[in-house]
Structures are given as structure tokens and as C-alpha cells.
Amino acid sequence: MTERTLRKLLEQVAAGGIEPSAALDQLRHLPFEDLGFARVDHHRTIRRGLPEVVFGEGKSADQIAAIGRRIIAAGTNLLITRLDADKARAVRRRLKALDYRPDARLGMIVREPLRPRGHGPIMIVSAGTSDLPVAEEAALTAEIFGNPVERLYDVGVAGLHRVAASLAQLRRAAALIVVAGMEGALPSVVAGLVDRPVIAVPTSVGYGAALGGIAALLAMLNSCASGVTVVNIDNGFGAAFAATLINRLGLPDGRE
17 MTERTLRKLL EQVAAGGIEP SAALDQLRHL PFEDLGFARV DHHRTIRRGL PEVVFGEGKS
77 ADQIAAIGRR IIAAGTNLLI TRLDADKARA VRRRLKALDY RPDARLGMIV REPLRPRGHG
137 PIMIVSAGTS DLPVAEEAAL TAEIFGNPVE RLYDVGVAGL HRVAASLAQL RRAAALIVVA
197 GMEGALPSVV AGLVDRPVIA VPTSVGYGAA LGGIAALLAM LNSCASGVTV VNIDNGFGAA
257 FAATLINRLG LPDGRE
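Going left to right, the sequence shown walks through residues 17 to 272 as this note's numbering numbers them.
Certain hints may be false.
[Unchecked claim] What follows is a set of in silico ranges between Cβ atoms, one per label pair, in the way DEER data are often shown:
#1 E27 / K112: 30 to 36 angstroms
#2 R108 / L261: 26 to 32 angstroms
#3 V126 / P36: 40 to 46 angstroms
[To be verified] Below, simulated BS3-like cross-link-like pairs (lysine-lysine); rule was C-alpha separation at most 30 angstroms, straight line:
#4 K103 / K75
#5 K75 / K112
#6 K24 / K112
Bear in mind the hints are in silico, worked out from the structure with no lab data behind them.
All residues carry an ideal CB built from backbone N, CA and C; glycine is no exception.
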């Protein structure tokens, strides 16, 4: 349940359009609904401004579908991260409306219309094409959370002229999510060029000494460009969540 739907329900009760007992039935599962194997947090949108998101890895298709049904029934948009193609097909047999994006390994069902909010676009910047799965996870998550999103892909430090050619676009963003593997240098470069929040996402892309993203993670944590914030390896979702909160900061009625 979103803040908007809760407010509408309370206004209907106040106006006599709905009986308190009927309203109570709709609120019965706040703040969470116990499914036995999961407790679905219907209160999260009201509490945090963004809905609960389902982490698909490690869950069965049946579990994901059961959780998804309850989220949709509450009138909230459904977003499933780390959803592989085989499991997505199984989930779609149970949730026919599932929109699956294989590049990002995301599944979604949009019930609540997306309302663009924020101080400006969130820009997703990727160092290389191999980083696109994580970059697209960030981009699509930011979009379903209601942010205008722009993409700037394949501008890694092996060709800095590609970043320099896009300076005006970089400076137009309200916040930037910079995704890079290998040595993870791109967030430092971008943060040295703009006066906007930079959220760095290390990816597990790279040869042996990249250590599955640890080299990029350490490089980003040790960035000489002040103010770079770093999320976990391959965590495009976490970067998009943080960027959304930054983009809404100070806006009136910033919640859904």
C-alpha cells in the first residue's frame, strides 16, 4: 500500500463513502503479511517512500510468485531482481503480466502509474559493454522508482575522450551512478569533473587479479576524488535506491 492509496482510503472513510470495517479489512495486513516462508512488508512504501523489492536469487519460482501476488494485491508495483531466464519463465507461468528484462535480470509488474519525480535525471554511466547487466539493473530500478533516467555507456578510462565529449550531459544529472569493473577507475574520473553525487558500483568484470570485483571495489573505496560513495559488487539495485533518495531529498511529498 502506498501513501497515496492510504490517504485516499482515509478520505473515503471521513467522507462516509466506505465503512470503517471495510477500511479495516484493507489495512489488516499492515505492516506485514505472514506467508510462512516470507513476511511481505506492505508498510515499506509508507515508511521509506519506496516499496519492498524481491531478491530472486535463492528463492523458488513458487515463492517469488506467491510474494509477488501479495505485493500486487496491495496495489504496489512489483520488482524482482537477480531473476535468471529459466526462473523468469516459471514465474511468468504464475504471474502472466510479468515483464522480464534479461539484460538486467529484472522482472516487473507495474500497477501504480509511474510518476517522474526528482530534481533531475539520474545518469547511469558504464565503463564497458561487459558492465551493462549491472548498469541496466540500476537504470531500470531507478525508472520503476519514478526517476527520469539517462544512460551513457562504454566510456571507460581506456578512452577518456569519450567521457570528455559528454561533459555537458554529465553535469545535467542530479546524481550519477558509475559502473565499472577491471581496475574501477571511472568513478574517480567522473567525480573529478562534476559537482553532483557520484555512486560507484564495482562489477565482477575482469581478469584474474580483478578478483571478481574486489580490485574495483577497493579502488573505488580509495578514490582520490572526494565524495564518491560506493555500494557492493554488482549492486546496481542498491545504487539506484540510494540515488532515488538523493534525487527526492527536499521535495514536497516526496513519497509515492
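Taking the hints in turn, this is what the structure says about them:
At about 33 angstroms, the CB distance of E27 to K112 agrees with the hint of 30 to 36 angstroms. For the pair R108 and L261, the beta carbons lie near 31 angstroms from each other, so the given range of 26 to 32 angstroms is met. Range check, V126 to P36: Cβ separation about 31 angstroms, and the 40 to 46 angstroms hint is violated. Taking the CA atoms of K103 and K75, the gap is about 9 angstroms. The hint holds against a cut of 30 angstroms.
Using a Cα cut-off of 30 angstroms, the hinted pair K75 and K112 holds, with the two alpha carbons roughly 19 angstroms apart. Between the alpha carbons of K24 and K112 the distance comes to roughly 28 angstroms, so the proposed pair stays at or under 30 angstroms and holds.
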